[in-house]
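Here's the letter readout for the chains.
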Amino acid sequence: MSSLQSTTEEVMRLAAEHFKVPPEQLTPDDDFFKKLGINSLQALDLLTRIEHHFKIELPDYELQGVSDFRTLAERIQTRL
Amino acid sequence: MLDLREYQSLGEALRAALERWPDEICLMEADRDREKVRLTYRQFKEAALPLASALQDAELGSGTRAAIIMTNQSKWLISAYAIFFCGGILVPLDYKLPAAEQLQLLAHSKVEFLIVEYHLWRAIMQTDGFKNLAARVVLVTEAPSGADLGGAKRWEEFNSEREPEFVPRGRQEAACIVYSSGTGGRPKGCVLTHENYLEQCMALTSLYPFSPGVRYLSILPTNHAIDFMIGFIGPFTCGAAVVHLRTLRPEFIREAFRRYKITYMTLVPMVLKSLERGLRQRFAELPKGRRTVLNTLIKTNRALTRRKPNMKLSRTLLPQVHDAFGGELRAFFVGGAFTEPATLQFFYDLGIPVGNGYGCTEAGTVITLNDFKPFRADTVGKPLPGIAVKIMNADAEGIGEVAVRSKTIMSKYLDDPEMTSQTIVDSWLMTGDLGRIDSTGHLQLFGRKKNMIVTEEGKNIYPEDIETAFEGLAVKEFCVFAANYLWPQRSMVDEQLVIVLHSEAGKTIDKDLLEDLAARNRRLTNYKRIHGYLAWDQDFPLTASMKIKRGELAEKIRGAVDRSAVAVL
Chain A
1 MSSLQSTTEE VMRLAAEHFK VPPEQLTPDD DFFKKLGINS LQALDLLTRI EHHFKIELPD
61 YELQGVSDFR TLAERIQTRL
Chain B
1 MLDLREYQSL GEALRAALER WPDEICLMEA DRDREKVRLT YRQFKEAALP LASALQDAEL
61 GSGTRAAIIM TNQSKWLISA YAIFFCGGIL VPLDYKLPAA EQLQLLAHSK VEFLIVEYHL
121 WRAIMQTDGF KNLAARVVLV TEAPSGADLG GAKRWEEFNS EREPEFVPRG RQEAACIVYS
181 SGTGGRPKGC VLTHENYLEQ CMALTSLYPF SPGVRYLSIL PTNHAIDFMI GFIGPFTCGA
241 AVVHLRTLRP EFIREAFRRY KITYMTLVPM VLKSLERGLR QRFAELPKGR RTVLNTLIKT
301 NRALTRRKPN MKLSRTLLPQ VHDAFGGELR AFFVGGAFTE PATLQFFYDL GIPVGNGYGC
361 TEAGTVITLN DFKPFRADTV GKPLPGIAVK IMNADAEGIG EVAVRSKTIM SKYLDDPEMT
421 SQTIVDSWLM TGDLGRIDST GHLQLFGRKK NMIVTEEGKN IYPEDIETAF EGLAVKEFCV
481 FAANYLWPQR SMVDEQLVIV LHSEAGKTID KDLLEDLAAR NRRLTNYKRI HGYLAWDQDF
541 PLTASMKIKR GELAEKIRGA VDRSAVAVL
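Protein sequence lines, in the order shown, are assigned to chains A and B. So in our numbering, the last spot in the first sequence is 80, and the numbers never skip. So in our numbering, the last spot in the second sequence is 569, and the numbers never skip.
Everything labelled a hint here was simulated from the structure, so no lab data went into it. Treat each hint with caution, since some may be false.
[Stated by the list, open to error] Pairs of lysine to any residue, SDA-like flavour, derived with a Cα cap of 20 Å:
#, chain 1, residue 1, chain 2, residue 2
1, B, K412, B, P374
2, A, K34, B, G532
3, A, K34, B, R520
4, B, K273, A, L41
5, A, K35, B, R523
6, B, K450, B, W428
7, A, K35, A, I56
8, B, K110, B, P22
9, A, K34, B, S274
10, B, K36, A, G37
11, B, K459, A, G65
12, A, K34, B, T525
13, B, K459, A, E57
14, A, K35, B, Y527
15, B, K459, A, V66
16, B, K288, B, K312
17, A, K20, B, R277
18, B, K459, A, L14
19, B, K312, B, P374
20, A, K34, B, A469
21, B, K459, A, A16
22, A, K34, B, R523
23, A, K34, B, P209
24, A, K34, B, L569
Hey, can you work out the whole structure from these sequences and the hints?
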């Protein structure tokens with residue numbers, strides 16, 4: 001199983017790729033809505049990308065109340 | 001459709017609908033591409049009555065308050081009907097609120113029953129205020145086997161074989177308590193009567209009649225006033241079907257259109273914009289020749305439907321667009337926030353009219369709606385039948401506060417006569433929105449008079465509600481405002497919140513303070529976050545009870561600085 005740190009890094013890499021921003025600009029505690037300039041629907045797009053990558057299913061509600069990469073990675077980690 | 005004049009309550013009307021169309025499909029639920037539920041009106045009744053019976057055994061009776069906190073799914077509607085059947089008052093709460101705020105509203109509404117989805121219940125149980133939850137009976141849906149439910153019961157096992165007794169309610173009695181805001185400061189629990197809903201439903205279905213065979217796609221949560229009316233009461237009292245989709249992912253929405261041959265759908269501007277972006281991108285990717293043909297067909301459709309929509313013609317001219325939406329789509333409805341006219345026109349030109357409306361919970365959901373006679377992208381339509389709209393204290397351009405009078409107006413704010421009397425004046429509901437009625441009777445909106453913002457997701461945010469997140473900031477005092485309230489402008493897009501900071505004497509706004517401010521801001525739900533701060537060096541005007549005189553403070557700020565003084569966080 002991946003560690004939380006590696007999951008967080010993977011999530012940031014996927015986000016950077018998906019929203020076309022330099023990966024070095026992202027940190028685990030970043031507010032991804034603000035940093036990526038996205039709304040909640042675009043964040044769901046990222047969730048879909050993450051699902052395909054980790055081969056898991058994340059209900060929409062897993063994004064509820066989550067706005068930083070680290071917490072998102074924690075939610076993913078419980079389903080790996 | 002049912003003649004709703006004959007019914008006294010939502011429970012009575014829904015009960016009649018279940019008898020009237022027993023073999024029609026009324027409800028489907030899909031989780032992504034997996035259909036989980038498909039019920040006829042008879043099966044819906046068979047699912048709801050054992051629950052109603054068990055609720056009655058637990059003494060849910062006339063006027064008992066029962067809350068539902070659930071995502072968009074079939075058990076929401078089944079539970080709501082069971083509550084109405086027993087004569088209960090439904091308190092639909094926003095499942096997206098943090099658990100602590102849900103607990104505040106559960107306490108404010110004094111609910112005795114709570115029906116909640118497992119993952120939401122888990123969050124509530126882990127919240128500080130959980131021990132104070134006063135609900136007598138909690139039913140949890142979809143709990144995994146062996147899960148600790150903290151004394152709650154499983155919804156799926158909570159039923160009784162005894163025939164339940166229908167409990168009648170009067171038209172003027174409360175049907176629902178719907179919170180339009182107020183989790184931080186002063187909860188605004190709109191008490192809506194059975195008459196409010198029955199009248200609203202009659203007005204809406206007179207413009208857009210549903211019937212058996214019509215399929216409505218529901219992606220908004222049913223706690224949202226629009227979905228409750230257009231995605232539950234409306235279709236059910238007309239024998240139509242509701243398709244619940246438990247995700248907002250665009251790929252599954254597209255799939256649902258085709259699979260279920262959707263007729264109508266309601267969305268918020270953010271989702272409509274997303275659909276527009278997707279379509280524009282697909283059009284742009286077409287080879288040049290095909291793109292030119294498509295553009296010509298769109299222009300032709302626009303010219304030929306200028307006076308009124310012509311579905312048959314549009315589907316013939318633009319089959320590829322309409323097939324992508326399942327081929328049966330008649331219209332979208334959009335509400336909850338301001339929609340840009342260009343987006344509305346884009347869809348209209350494709351032959352997909354968007355019923356652009358305006359409303360608020362206090363007015364029983366919808367006040368005005370576009371009737372497509374002809375389509376107008378620059379307005380929010382005309383008042384619905386039975387609803388009177390007037391402009392108060394209009395200026396030279398005819399712009400003033402929108403006031404509404406109709407049988408759909410809420411009876412009061414729960415336990416708040418003072419706010420009720422400020423909001424409903426001589427039976428006119430003061431909306432706090434600024435508008436003008438043009439020569440054809442269409443309402444145009446120009447901004448807000450009240451201190452609040454509406455996000456593109458359709459969320460109403462009142463500054464007072466988020467101030468608790470900043471309590472303890474190292475300043476003498478602070479106050480949150482809607483930027484457009486401080487500096488009025490005739491716009492209803494890109495609304496933002498601003499925090500005004502008054503430092504202690506001799507202190508300035510330093511790095512530590514800004515870091516604390518940013519950290520607190522991050523903890524707020526993303527759509528509630530403040531955009532920037534304004535440094536202010538004078539004492540705030542206060543009432544005798546030491547509350548900030550917001551109007552007076554806003555006036556002082558307005559007179560001293562403009563928007564450029566706001567530093568972005």
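So, going through the hints one by one against the coordinates:
At roughly 36 Å between alpha-carbon atoms, K412 of chain B and P374 of chain B are farther apart than 20 Å, so this suggested pair is violated. A threshold of 20 Å between alpha carbons decides the hint, and for K34 of chain A with G532 of chain B the separation of about 13 Å falls inside it, so the pair holds. About 14 Å separates the Cα atoms of K34 of chain A and R520 of chain B, which keeps this hinted pair within 20 Å; it holds. Distance check on the hinted pair: K273 of chain B and L41 of chain A sit about 10 Å apart at the alpha-carbon level, within 20 Å; holds.
The suggested pairing of K35 of chain A with R523 of chain B holds, with an alpha-carbon distance near 15 Å, which does not exceed 20 Å. Distance check on the hinted pair: K450 of chain B and W428 of chain B sit about 16 Å apart at the alpha-carbon level, within 20 Å; holds. A hinted pair counts as satisfied when its Cα atoms are at most 20 Å apart, and K35 of chain A with I56 of chain A does not qualify at roughly 25 Å. A C-alpha spacing of about 36 Å is found between K110 of chain B and P22 of chain B, which places the hinted pair above 20 Å, so the restraint is violated.
For the hint linking K34 of chain A to S274 of chain B, the alpha-carbon distance of about 18 Å falls within 20 Å, and the restraint holds. Between K36 of chain B and G37 of chain A, the direct Cα distance comes to roughly 35 Å. Violation of the 20 Å bound is thereby established for this hinted pair. Between the alpha carbons of K459 of chain B and G65 of chain A the distance comes to roughly 15 Å, so the proposed pair stays at or under 20 Å and holds. About 12 Å separates the Cα atoms of K34 of chain A and T525 of chain B, which keeps this hinted pair within 20 Å; it holds.
A threshold of 20 Å between alpha carbons decides the hint, and for K459 of chain B with E57 of chain A the separation of about 27 Å lies outside it, so the pair is violated. Straight-line distance between C-alpha atoms of K35 of chain A and Y527 of chain B comes to about 14 Å, which keeps the hinted pair within the 20 Å bound. For the hint pairing K459 of chain B with V66 of chain A, the CA-to-CA distance comes to about 17 Å; that is within 20 Å, so the pair holds. For the given pair, K288 of chain B sits about 27 Å from K312 of chain B by alpha-carbon distance, which is inconsistent with the 20 Å threshold.
Annotation: proposed proximity of K20 of chain A to R277 of chain B holds, straight-line Cα distance about 17 Å (limit 20 Å). Restraint check for K459 of chain B and L14 of chain A: not satisfied, since their Cα atoms lie roughly 29 Å apart, outside the 20 Å limit. Annotation: proposed proximity of K312 of chain B to P374 of chain B holds, straight-line Cα distance about 17 Å (limit 20 Å). This hinted pair checks out: K34 of chain A and A469 of chain B have alpha carbons roughly 19 Å apart, not beyond 20 Å.
Distance check on the hinted pair: K459 of chain B and A16 of chain A sit about 28 Å apart at the alpha-carbon level, beyond 20 Å; violated. The suggested pairing of K34 of chain A with R523 of chain B holds, with an alpha-carbon distance near 13 Å, which does not exceed 20 Å. Only pairs whose Cα atoms come within 20 Å are accepted, and K34 of chain A paired with P209 of chain B is rejected, the gap being roughly 42 Å. Using a Cα cut-off of 20 Å, the hinted pair K34 of chain A and L569 of chain B holds, with the two alpha carbons roughly 10 Å apart.
In this structure, the earlier hints numbered 1, 7, 8, 10, 13, 16, 18, 21 and 23 are contradicted, and the remaining ones agree with it.
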